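Colleague: The residues making up each chain are set out below.
Protein chains: 2
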Amino acid sequence: MHAVIMAGGRGTRFWPRSREKKPKHLLDIVSNRTIIQETVDRIKPLIKPKNILIVTGRKHARELMRQLPEVPAKNILIEPIGRNTAACIGLAAVHIQKKAKDDVMVVLPSDHGIGDPERYRTVIAAAARVAEKENTLVTIGIQPTSPHTGFGYMEGGASIGQVAGHALLRVKSFREKPDRRQAQAFLQSGNFFWNSGMFVWKASTILNEIERFLPDLYSGLMTIKSSLGKSSEAKILSTIYKGLTPISIDYGVMEKAKDVFVIPASFGWSDVGSWDALWEISSKDGRGNALAGGSQAIFESTENALVYSPNKLVALVGMKDVIVVETKDALLICKKGRSQDVKKIVDALAAKKLTQYL
Amino acid sequence: MHAVIMAGGRGTRFWPRSREKKPKHLLDIVSNRTIIQETVDRIKPLIKPKNILIVTGRKHARELMRQLPEVPAKNILIEPIGRNTAACIGLAAVHIQKKAKDDVMVVLPSDHGIGDPERYRTVIAAAARVAEKENTLVTIGIQPTSPHTGFGYMEGGASIGQVAGHALLRVKSFREKPDRRQAQAFLQSGNFFWNSGMFVWKASTILNEIERFLPDLYSGLMTIKSSLGKSSEAKILSTIYKGLTPISIDYGVMEKAKDVFVIPASFGWSDVGSWDALWEISSKDGRGNALAGGSQAIFESTENALVYSPNKLVALVGMKDVIVVETKDALLICKKGRSQDVKKIVDALAAKKLTQYL
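Each protein sequence line maps, in turn, to chains G and S. Every letter in the first sequence is one number past the one before it in numbering that gives the first Met the number 0, and letter 134, counting from 1, is 133. Every letter in the second sequence is one number past the one before it in numbering that gives the first Met the number 0, and letter 186, counting from 1, is 185.
The set of hints was computed from the structure by calculation and includes no laboratory data. Being a predicted model, the structure only gives us computed values, none of them experimental. Check before you lean on any hint, since a few could be wrong.
Intra- or inter-copy, both count: the list cannot distinguish identical chains.
[As the list claims (entries may be wrong)] 30 Å max Cα-Cα, derived DSSO-like pairs, lysine-lysine:
(1) Lys176 <-> Lys327
(2) Lys43 <-> Lys98
(3) Lys327 <-> Lys352
(4) Lys43 <-> Lys241
All chains should be modelled from the sequences, with the hints used to inform the complete structure.
Modeller: Structure (structure tokens):
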């Protein structure tokens with residue numbers, strides 16, 4: 000079994016901590032390990048580091064190697080340019096085929112948090128068993144705990160049975176990010192699951208589906224595959240990638256494929272998608288105040304605050320629903336519930352050419 | 000004419016900028032000059048630096064000398080211990096009598112802001128003329144612009160006439176900090192003025208009043224006076240001060256004295272008493288956001304914010320009515336309107352023995 004960790008994201012919503020040079024997964028936001036270190040730590044008991052591939056961009060490869068010394072350097076696959084998840088996953092699949100003929104690959108985002116890693120591994124192992132036996136696309140669906148409008152949803156269909164104590168369903172439909180009303184309905188029905196972006200399948204299975212639904216990508220991947228290990232490898236990779244149309248695996252393959260299964264699961268998943276999400280998963284005092292990163296704070300008449308300030312004492316007076324993030328050169332004060340708009344700050348900085356803060 | 004600048008306050012409400020070692024008047028909060036530098040700059044065209052006395056505590060004398068090189072070192076009068084304003088003013092009066100037999104003394108707080116210094120000087124000059132001629136206690140009363148509950152008020156009485164174009168009234172009564180309803184009534188009546196803590200009188204006049212209403216203080220001051228310039232001066236000052244009962248000039252003398260005059264004035268006075276007061280006197284953008292100390296900020300859906308962060312870029316998202324103050328080692332986030340409670344943070348720091356932040 001192989002793991003493929005997709006580490007191409009930028010995570011601008013974690014500004015001012017996340018920067019172009021240090022996207023979210025390279026930061027120690029949730030614990031004193033970085034998010035990608037936690038991702039590797041979590042899957043390691045199931046998949047040896049020599050079988051963990053990480054797909055990333057050139058800028059972050061060195062830092063990844065530094066953070067993950069147990070992962071062989073050759074397992075860090077560098078995309079010359081980001082072309083969304085279909086290309087990323089396809090590239091990993093051809094590398095796996097080259098290395099192991101065919102194998103189950105567990106595709107994992109690099110930047111999610113999991114509250115119950117043991118349960119998480121049993122679900123992954125169960126999904127791998129199905130993918131191996133049935134040659135199908137298997138997804139992990141997260142039981143929603145709120146009517147979240149920031150995630151895609153999967154609708155559960157016919158039951159296929161049980162695998163290692165976990166339900167296995169056919170996916171009836173994929174739904175893009177819903178509006179509030181729809182999300183409420185999804186939550187109430189009990190039959191919709193968050194698309195976690197975790198996929199389990201054999202390399203051959205996904206390549207077959209790519210061949211069917213994304214033939215141009217497939218043909219590019221085959222050219223890349225035949226160049227692997229040759230002197231032309233880097234040049235061909237670069238040429239092919241330039242010509243690829245960016246498309247997500249969800250939109251390009253999953254929504255169109257016939258046999259997609261889902262294992263509904265609950266293991267304390269969080270996409271750690273924003274400072275708000277970090278507040279959600281943080282432990283809080285009786286008034287809802289959370290400290291991250293070993294911060295020291297004094298709360299006076301203050302509720303539901305998240306403070307990340309490892310270097311300075313923070314005092315809050317009369318504040319409610321606020322996120323405070325302090326870094327070496329920048330400071331963010333954000334109303335809780337508005338942290339999606341941190342992206343706008345990054346856009347404003349770019350527009351003002353304040354590149355040192357990007 | 001002499002000026003007496005009272006520089007004994009601590010200004011804890013400007014934490015985290017104000018610290019035990021650097022009280023408010025030693026900080027450049029309003030402009031790039033410190034508040035006491037502005038106070039001296041403002042009175043200098045009227046009173047030469049050699050006639051400006053500054054009364055302070057031992058801890059801050061050196062920094063005062065550094066900030067005010069034009070004021071002779073011997074004009075920095077050091078109180079061995081703070082004993083409130085009656086003692087402070089009495090001490091200055093005996094020094095002035097020693098130096099100039101008798102003279103008008105203009106008593107000024109060290110830590111106020113004035114929007115229109117020229118107008119301010121014409122009022123002071125007019126008050127000095129009255130004090131010289133009439134041998135009375137003259138106060139400057141600020142025309143209130145809001146029903147402020149944080150100031151004492153003076154009620155205007157009979158008109159004494161005009162002096163250099165300024166009205167001169169007898170003070171009918173002194174009123175301590177009113178409640179909201181009372182303050183509203185004061186504001187509406189048009190006949191109540193904020194007690195600015197600025198007083199103008201001859202040294203002999205105030206000493207006579209002290210003799211009458213605070214005989215113990217008077218006798219101590221006379222002992223001090225006779226020791227001035229002698230080797231015993233420091234020791235006697237210390238002994239006398241230890242035995243003094245702290246009392247304010249307002250409570251100890253002004254409220255009891257018979258002939259107290261007031262010149263009502265409007266010259267953009269602010270006590271700069273809190274971060275809220277600083278927001279009030281700061282220039283703001285169209286959404287009420289103010290930058291102090293050369294701060295750089297990006298405001299996203301943010302209104303009525305005050306940002307003091309000279310060293311770090313600050314981004315605010317979805318915030319309303321907030322004060323953000325950044326210093327080398329501490330950070331304050333305070334709801335606008337709550338900055339009186341910054342004092343509670345200082346108390347909490349003391350209780351937690353986090354003395355490095357005091």
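Colleague: A separate judgement is required for each hint: does it hold in the structure or not?
Modeller: Hint-by-hint comparison with the structure:
1. Lys176 <-> Lys327: Answer is neither: 35 Å inside a copy and 43 Å across each miss the 30 Å cutoff.
2. Lys43 <-> Lys98: within (19 Å within a copy, 84 Å between copies)
3. Lys327 <-> Lys352: This pair counts as both: shortest intra-copy Cα distance 19 Å, inter-copy 26 Å.
4. Lys43 <-> Lys241: Classified as neither: same-chain Cα gap 33 Å, cross-chain 71 Å, threshold 30 Å.
Against the hints set out earlier in the document, violations occur for numbers 1 and 4.
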